[in-house]
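Line by line, the protein sequences give chains D and P. So for the first sequence, the working numbering puts the first residue at 1; every next one is plus one. So for the second sequence, the working numbering puts the first residue at 1001; every next one is plus one.
Incorrect hints may appear among the rest.
Where chain D lies over chain P, by a calculated footprint (3+ residues, C-beta under 8 angstroms) [to be verified]:
1. 1066-1077
2. 1088-1101
3. 1211-1217
4. 1227-1233
5. 1346-1352
To be clear, the hints were calculated from the coordinates, so they are not data collected in a lab. Glycine included, each C-beta is placed from N, C-alpha and C at the ideal position.
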Amino acid sequence: MNRAAVLAPVWLWLLLFVALPVVIVAALSFSTSIPGVPPYTPLLQAPETSNYALLTDDAFYLNAALKSLAVAGISTLFCLLIGYPMALAIARAPDRWRSLLLLGVMLPFWTGFLLRITAWIGLLRDEGWINVGLQAVGLPALRLLYTDFAMYVGVTYAYLPFMILPLYARLSRRDPALEEAAADLGASPWTAFRTVTLPLSIPGIVAGLALVFIPAMGEYVIPELLGGPGAQTIGRALWNEFFSNRDWPMAATVANALLLALLLPMVALRARQ
Amino acid sequence: MGWVRRLVPVLLLLVGHAALAQDRVLNVYNWTDYIDPKVLERFTSETGIKVRYDVYDSLETLEGKLLAGNSGYDIVVPTAEPTFSRLIAAKALLPLDRSKIPHWSNLDPKLMQRVEVSDPGNRNGAIYLWGTIGLGMIPERIQALDPGAPLDSWDLLLKPEHAKKLADCGISVMDSAIDTIPSVLKYLGRNPESTDAKDLADVERTLMTIRPYIRTFASGGAVEALAGGQTCLSMTYSGDVIQAAARAKEAGQKTVRYVAPKEFAALTFDMLAVPADAPHPAEAMQFINFLLQPDVMAAITNQVRYPNAIPASRDAITPEVRDDPNVYPDTASPRFFTVRATPQAADRLRTRMWARFKAGH
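Could you put the whole structure together from the sequences, leaning on the hints where they help?
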C-alpha cells in the first residue's frame, strides 16, 4: 500500500510523458497526410499501413538508418577510447583534484548545446582556427567542415561526458587493494589493468556505450550543422518527412521504426540476462 | 545564427504575456532580418498596439507551427510558393478584410496579379516584399579558378565543366526542392510547372552531374557561408545575397555580388497573411494597412534591401538600392517567371528526388 503510494508519481510520470506520447505517435503512423489543420486524417479512423510499406520499399530509409548506425557506432567508439583514460585518470586523481576535474567535464553543459556545436563551425571552417593554425606552421589547409569527419568530431564532443560519468562512477568505486595485490603478485601495470581494472569496469562501459549510442543514433542537429550533404541520417530523414513533406504520419512511422530498432535489441538483451 | 535572434523575442514574449494582458497587442511572426525595427516602434506609438515580434528562419518552421493550430500569431509572412498557397488549401488563413485596409490601393496591380496563381482574387494576402532566385557569388574567387566563366548565366552552376572548377572555392544550393526544381526545368527548356516523371528524371540527371561539386545545401546559412568565404557560388534568394554583400563590405572582405541570370529567374513573393485562428484579427488588419504606406515600405526596403510592391515608395528609397537592377529588377521583362503550386503527390516525388540528390546516390 505504502509502496504503491510512493511509486505513484513515478508511474504517473511514465504514463503521461513516456507511454502516452508513444501511443499517440504509434496511432499517427497509421494515419495519412492531407492538407488541413492538423495535416492528417483523424487518428484510428480507417488505419492504413501504407507508410510502413513505403519504409521498406524505398531504400532511402534503410540507407539513412545505416548511415546513422555508422555515425553513432564510430562516435561511440571514439567516446570510449577518449573517455576511458579520462575517467580512469579522474578516478585515480587525489581527492582534492577529483571534484575539480569532474566539474571540468561538466562545465560545458552550462552553455547551450547549439552554441557549442556552432563553435565547432568556427573551428573547422576553411578559414577557421584549425586551418589558420595549420597554415601558420606551413601545413596545407584541410577540408574539415561539412564532412563525415566533422560529424564524428561533433557527436564525440557532445556525448563524451555521457561516457565519462558512468565510467568514473564505476572506476572510482574500485578497490585499490585489488590492483596492489595484482602488482604484489608480479603483474605488470598493463596486466593488472587488463585482468583486474578493465573487467571490473565493464558495467560502466556498457552504461556509457548505451548512453552515447542511443541518442547519437537519432541525432539530427549535429549532422545538419557539421555533416556534409551526403550524410542523410535517420534523424534528418525524420525531419524531412515532418517539415519538407509535411507528412506527419510518415514522420511518425520513421520515429516508430527507430524506436523499435533501438528497443528490441535491448529487450532481447535483458531477456537473455 | 537565427536561433539566437529567435530566443530574445521569445523570452520577451513570455515575460510580456502577463504584464500586457490589458493592452491591445499584435503577435507578428516574420522572417529573420526582415523589417526595420523603427517601423514597429512607429506602429505602436501611432496606434497604442504593442507588437510582440518573433522570427523564423525557414518556411518549414512557420508551416509546422501553423498546421499544428493555435500558433497564437496574428501576422505571418509565408512565401507565396509553396507555403502561402498550401496554407490557403489547408484553410489555415483568414481572408483579409479589405474594408479595413484602405491602403490596399497602393499595391502594384501587376505584381498582385502575378500572385493570383497562388491566391485567386488576392483574398488571403498582400505582397510584403519580393525577390528573385538566382546566383550569389564572389566574382574574384570564381575568376581566379575559372577565367572567363559566364558570371551572368545559369551555365556557371548547371554546367559541370564550370561547377567542377568552382568546387574548390565552394558551391552551395538552397535546400529547397520547390525553389530549385522549376529553375532547372526551365533551364532544360521544359515547363517549370511540369509534374511529368520524365521531366523530373531529367532534372535529377542534370543535378547529379554537378552533385560532386556541391559543398553544402544551405537554407538559412547561405548568407553566412557566402559572407564568411565558405562558398563562392550560391543559388539562393536575391535579398539574402544582397545582405551578404553588405556584410562582406562592412567586414572589408571580397566583393559579394548577386546576379539574376540573363536567361531567366523565378520571382518569389513574401505575403502578409493572417492565420485563421489569429487571436487579434482586427489589429492584424490595422497592421497590414499601416505597412502598405509608401514611407513605411520605403523604410523597410532601405533596411532589408528587398523590393516592395508599393510603387509610390520608389522616391523614398535610397538610390543605391533603387537603381541596382539586381535589387530592383524590371519585372516587365519576360525572363522573370512565377510558378503555381504543385499537387501533393508531385511534391512528394520532388522531395524524394531531392533527398536522393542531396545524398548523392
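Evaluation of the provided hints:
Under a criterion of three residues with beta carbons nearer than 8 angstroms to beta carbons of chain D, the stated coverage of the region 1066-1077 of chain P is upheld, 4 such residues being counted. Evaluation of the coverage hint for the region 1088-1101 of chain P: fulfilled, as 4 residues show C-beta separations to chain D shorter than 8 angstroms, against a requirement of three. Evaluation of the coverage hint for the region 1211-1217 of chain P: fulfilled, as 4 residues show C-beta separations to chain D shorter than 8 angstroms, against a requirement of three. Coverage of the region 1227-1233 of chain P by chain D holds. Counting CB-CB distances below 8 angstroms, 3 residues qualify, and the rule asks for three or more.
Counting residues of the region 1346-1352 of chain P whose CB lies closer than 8 angstroms to any CB of chain D gives 4, which reaches the minimum of 3, so the coverage claim holds.
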